[in-house]
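> Using numbering that gives the first Met the number 0, the first residue of the sequence shown is number 0, and each one after it goes up by one.
Calculated from the structure, these hints are not laboratory results.
Every residue gets a Cβ at the ideal spot worked out from N, C-alpha and C, and that includes glycine.
It is possible that some hints are incorrect.
Once the Cα atoms are required to be at most 35 Å apart in a straight line, the calculated DSBU-like pairs of lysine-lysine come out as [what the hints assert, rightly or not]: (1) Lys-39 / Lys-131; (2) Lys-131 / Lys-179; (3) Lys-105 / Lys-50; (4) Lys-44 / Lys-57; (5) Lys-6 / Lys-179; (6) Lys-44 / Lys-105; (7) Lys-57 / Lys-179; (8) Lys-6 / Lys-105.
Label-pair distances were calculated between CB atoms; the ranges are [to be verified]: (9) Glu-79 / Val-115: 41 to 51 Å; (10) Glu-70 / Arg-104: 15 to 25 Å; (11) Gly-190 / Arg-104: 23 to 33 Å; (12) Pro-193 / Val-99: 15 to 25 Å; (13) Arg-51 / Glu-101: 27 to 37 Å; (14) Lys-44 / Gln-196: 27 to 37 Å; (15) Arg-132 / Ser-102: 34 to 44 Å; (16) Thr-119 / Pro-193: 20 to 30 Å; (17) Ile-80 / Pro-55: 17 to 27 Å; (18) Arg-2 / Ile-100: 32 to 42 Å; (19) Ala-73 / Ile-134: 20 to 30 Å; (20) Lys-57 / Glu-101: 41 to 51 Å.
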Amino acid sequence: MDRWLGKTAVVTGAGSGIGEAITHALLQNGINVVALEIQKGRLVKLDAECKREGFPGKLYTICCDITHEDEIDAAFLHIEILGGVDIMVNNAGIIASSPVIESDRKTFERLLNINVLAVTVCTNKAVHLMLKRNIEGHIFNINSIMSCYHEGISPGIVSTNLAMDAINDFMQKVPSLQPKDIADALIYALGTRPEVQITQITIQHIGELP
0 MDRWLGKTAV VTGAGSGIGE AITHALLQNG INVVALEIQK GRLVKLDAEC KREGFPGKLY
60 TICCDITHED EIDAAFLHIE ILGGVDIMVN NAGIIASSPV IESDRKTFER LLNINVLAVT
120 VCTNKAVHLM LKRNIEGHIF NINSIMSCYH EGISPGIVST NLAMDAINDF MQKVPSLQPK
180 DIADALIYAL GTRPEVQITQ ITIQHIGELP
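Just need the whole structure built from these sequences, with the hints factored in.
Below, the structure is given as structure tokens:
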């Protein structure tokens, strides 16, 4: 982890759940974090918690709606002023609680904007800043286990508000991971030698269905 000390990570959806746990873990390991979150109240709470913990890493918070490219542009301009990005964590994501046949176009557009387009735009911006500084960076895409077709850390069911709100009854019957479990996996990946490339980590609770 020494090579990441003092470096900067950008985390989307950093104000709660997995994003919050990842932010804490990175700061605890001496990595600075730019936390992107749509809800300002969550950023205020996150900032207060991190100050109370006294983490060695520095926290910068930016209120940003990643469904709007102009807000992403503004966020990354600020990130460049801060010194750039070394680690990009695409964590923000949503799920739809209604079946496809009962959903409307707005639901599909919101899913696409947050889960696909925002990820590609943020990755594009981050990579350009990495190339500009000629550094070795790291990109993490946090996915659902149902989308293991792409590179990323793909947890099973994690006990977060997102999962609880969408499948509350199911969650009560099935054992689930905790946000810290995903954060630990990310820290593990960062801690490997530069020559080691981890293309995918699938994480499930021992009692969860395969």
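> Run through the hints listed earlier and report the numbers of any the structure violates, in increasing order.
Of the numbered hints, 3, 8, 9, 11, 12, 13, 18 do not hold.
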